[in-house]
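Chemist: Kindly produce the complete structure, drawing on both the sequences and the hints.
Here is what each chain is made of, one letter per residue.
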Amino acid sequence: MSALSVSATFAAAEFQTPSIEYSKLMPMLIVFGVALVGVLIEAFMGRTGRHQVQLILSIAGLVAAFVSVTMLAGDNQIAAVGAVAVDGPALFLQGTILLLAIPGVLTMAERSLDRGGVFTSAGSSTPGSEHERVLTATGVTQTEVFPLTMFAVGGMLLFPAANDLLTMFVALEVLSLPLYLLCGLARRRRLLSQEASLKYFLLGAFSSAFFLYGIALLYGYSGTVRLSGIAEAVSSNSGSDTLLMTGTALLAVGLLFKVGAAPFHSWTPDVYQGAPTPITGFMAACTKVAAFGALLRVLYVGLGGLAWQWEPVMWGVAILTMVVGSVVALTQTDVKRMLAYSSIAHAGFILTGLVATDTVDPDTGAVLGVSSVLFYLLAYGFITIGAFAVVTLVRDAGGEATHLSQWAGLARRSPLVAAVFTLFLAAFAGIPLTSGFTGKFAVFSAAIAGDAAPLVVIGVVMSAVAAFFYFRVVVLMFFNAPAPDGPAVAVPSPLTTVAITLSVAVTVLLGVWPTQVLDLADRASQFVR
Amino acid sequence: MNPMNYVYLSALLFSIGAAGVLLRRNAIVVFMCVELMLNATNLAFVAFARMQGNLDGQVIAFFVMVVAAAEVVIGLAIIVTIFRTRRSASVDSANLLKY
Numbered sequence: 001m002s003a004l005s006v007s008a009t010f011a012a013a014e015f016q017t018p019s020i021e022y023s024k025l026m027p028m029l030i031v032f033g034v035a036l037v038g039v040l041i042e043a044f045m046g047r048t049g050r051h052q053v054q055l056i057l058s059i060a061g062l063v064a065a066f067v068s069v070t071m072l073a074g075d076n077q078i079a080a081v082g083a084v085a086v087d088g089p090a091l092f093l094q095g096t097i098l099l100l101a102i103p104g105v106l107t108m109a110e111r112s113l114d115r116g117g118v119f120t121s122a123g124s125s126t127p128g129s130e131h132e133r134v135l136t137a138t139g140v141t142q143t144e145v146f147p148l149t150m151f152a153v154g155g156m157l158l159f160p161a162a163n164d165l166l167t168m169f170v171a172l173e174v175l176s177l178p179l180y181l182l183c184g185l186a187r188r189r190r191l192l193s194q195e196a197s198l199k200y201f202l203l204g205a206f207s208s209a210f211f212l213y214g215i216a217l218l219y220g221y222s223g224t225v226r227l228s229g230i231a232e233a234v235s236s237n238s239g240s241d242t243l244l245m246t247g248t249a250l251l252a253v254g255l256l257f258k259v260g261a262a263p264f265h266s267w268t269p270d271v272y273q274g275a276p277t278p279i280t281g282f283m284a285a286c287t288k289v290a291a292f293g294a295l296l297r298v299l300y301v302g303l304g305g306l307a308w309q310w311e312p313v314m315w316g317v318a319i320l321t322m323v324v325g326s327v328v329a330l331t332q333t334d335v336k337r338m339l340a341y342s343s344i345a346h347a348g349f350i351l352t353g354l355v356a357t358d359t360v361d362p363d364t365g366a367v368l369g370v371s372s373v374l375f376y377l378l379a380y381g382f383i384t385i386g387a388f389a390v391v392t393l394v395r396d397a398g399g400e401a402t403h404l405s406q407w408a409g410l411a412r413r414s415p416l417v418a419a420v421f422t423l424f425l426a427a428f429a430g431i432p433l434t435s436g437f438t439g440k441f442a443v444f445s446a447a448i449a450g451d452a453a454p455l456v457v458i459g460v461v462m463s464a465v466a467a468f469f470y471f472r473v474v475v476l477m478f479f480n481a482p483a484p485d486g487p488a489v490a491v492p493s494p495l496t497t498v499a500i501t502l503s504v505a506v507t508v509l510l511g512v513w514p515t516q517v518l519d520l521a522d523r524a525s526q527f528v529r
Numbered sequence: 001m002n003p004m005n006y007v008y009l010s011a012l013l014f015s016i017g018a019a020g021v022l023l024r025r026n027a028i029v030v031f032m033c034v035e036l037m038l039n040a041t042n043l044a045f046v047a048f049a050r051m052q053g054n055l056d057g058q059v060i061a062f063f064v065m066v067v068a069a070a071e072v073v074i075g076l077a078i079i080v081t082i083f084r085t086r087r088s089a090s091v092d093s094a095n096l097l098k099y
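These protein sequence lines map, in sequence, to chains V and U. Numbered by the numbering used here, the letters in the first sequence go through residues 1 to 529 in order. Numbered by the numbering used here, the letters in the second sequence go through residues 1 to 99 in order.
Derived from the structure by calculation, the hints contain no laboratory data. All values derive from a computational prediction rather than experimental measurement. Note that beta-carbon positions come from the ideal geometry of N, C-alpha and C, so glycine has one too.
Taking CB as the label site, the calculated pair distances span:
id, chain 1, residue 1, chain 2, residue 2, range
1, U, Arg84, V, Ala137, 18 to 26 Å
2, U, Leu23, V, Ala137, 41 to 49 Å
3, V, Asp241, U, Arg24, 29 to 37 Å
4, U, Pro3, V, Gln309, 23 to 31 Å
5, U, Asn95, V, Ser19, 50 to 58 Å
6, V, Phe471, U, Val59, 49 to 57 Å
7, V, Thr17, U, Pro3, 27 to 35 Å
Examples of chain U residues toward chain V, derived with CB under 10 Å:
id, residue
8, Ala11
9, Phe14
10, Leu22
11, Leu36
12, Thr41
13, Asn42
14, Phe45
15, Asn54
16, Asp56
17, Gly57
18, Glu71
19, Ile78
20, Thr81
21, Lys98
Just a few of them, taken from the derived set where beta-carbon distance is under 10 Å, the chain U residues facing chain V:
id, residue
22, Gly17
23, Phe48
24, Val59
25, Ala70
Modeler: So, in structure tokens, the structure goes:
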């Protein structure tokens with residue numbers, strides 16, 4: 001096409017104001033609005049009381065956004081001129097992210113465990129410098145974490161709802177950029193924290209470049225970045241297969257990096273260990289929920305016609321992820337690192353549900369691949385937030401005591417905390433009457449319905465391997481003698497207590513009485529196309 | 001001239017950037033290589049926009065520039081903090097977290 005005719009086409013098209021359905025985008029608008037107000041508070045409010053105001057504002061914003069998600073429930077339409085899908089999976093995942101962000105923010109706001117809180121007084125001060133010492137003595141803390149978290153939550157809400165790949169890319173960056181910064185703001189062990197931040201940033205930027213090039217190739221293939229447009233081009237088989245296959249592969253690299261699936265998992269243990277623990281919990285739970293939502297939408301809505309091609313690859317990735325996560329976790333000596341590898345293994349378990357593709361349950365009409373993953377993400381998110389919140393409580397003079405040997409005999413010091421952590425580990429392992437069991441049952445039965453029985457066999461074997469290292473910690477806590485100079489269990493303020501209690505309640509509730517939520521996930525399993 | 005050649009050029013630039021990320025040792029240079037990858041993507045978007053005869057690709061290129069600028073802000077902040085702590089921006093010296 002010549003340049004002249006191109007410009008003629010553009011001139012001919014009348015400019016029309018796009019119609020934006022603001023009411024359908026309410027959850028995201030509320031969260032971004034609160035984030036912006038938070039920035040203004042940082043700029044104009046005095047230091048005293050800022051922490052409290054930011055905390056109340058953030059929690060209120062999250063609750064309000066959750067209420068607006070529940071008000072949208074049942075909607076099934078595409079909003080904002082095709083950029084955002086407001087459908088079952090998007091709303092379910094948005095609700096999940098908002099619910100998880102509430103305990104996440106509560107643990108971040110904890111200030112009674114460490115003087116001044118979890119975060120450094122100033123991220124810009126050099127560790128060990130006079131400047132840092134003076135700031136620490138004043139006991140101030142960096143309250144920018146609240147608006148940063150809200151921006152990240154906003155990006156996470158948009159990520160699984162994005163209906164075109166450009167929106168998805170912008171959402172990916174909006175959720176990632178604040179997280180890179182948050183990882184580097186720990187008060188204790190700042191070198192580790194900064195290193196985690198650097199590694200996460202460089203690898204994250206690297207992977208999002210792949211994601212973007214994948215978008216470019218798919219755009220070259222189909223002439224649009226709209227998922228429905230790509231699906232149309234795939235079904236009519238127009239365009240070059242090279243572009244389609246390469247584009248799909250590069251896109252998958254970016255998304256699998258975010259969910260922490262092998263072989264793109266190497267950042268996970270380093271970042272989870274180095275980041276401030278409340279951030280690790282928030283990131284481990286919410287990022288995974290958002291990224292799996294986006295992966296589901298891309299694979300099912302945009303590339304559903306290509307399932308024959310991507311299914312075998314996802315099989316391979318799922319198997320590798322489960323094996324790497326479970327086996328390498330066996331050798332870990334640090335609690336946070338062990339939980340990181342366990343989160344990799346869980347990404348593998350979730351992927352087994354995803355390969356069930358469009359298999360529909362004949363009784364309920366639910367798309368099994370979607371509904372099982374939705375439920376698993378909710379269950380997994382609360383276990384993770386709770387487990388990392390417990391990690392913040394076990395402390396010695398140097399801050400958190402995360403080496404496993406320091407956890408020996410913890411039950412003698414605090415039976416309650418040891419029992420709560422045991423509950424979370426049992427849920428990770430998938431013991432019946434916990435939410436982990438229901439979730440695993442859902443994804444494995446979806447995989448069987450989708451003719452992926454070999455995958456389920458590997459999944460069950462790897463669950464057994466994983467159960468070994470979870471119960472090694474339980475044995476360590478209950479049946480070993482505590483070291484005389486071992487860590488103590490700190491008594492937190494109501495903030496962390498509420499977060500842990502909420503996680504325990506959800507974990508038990510979804511294990512004992514999951515029907516309501518399973519039904520909700522079933523009903524929410526239809527993507528709008 | 002066949003616009004497909006620009007796509008080949010962008011693939012070449014993208015590969016140079018990716019190789020740079022994997023091979024170079026200075027965090028700043030690694031980061032510049034990531035930016036090269038993003039700009040290679042822009043070239044691909046614009047070339048494809050010409051081939052497909054619609055404006056989407058060109059608009060996307062603007063979005064990518066804005067996102068890349070935001071990424072620079074975050075990235076330089078992190079790298080400068082690390083440099084002030086360690087007096088080095090080498091990615092090899094950041095090696096406390098392993099195994």
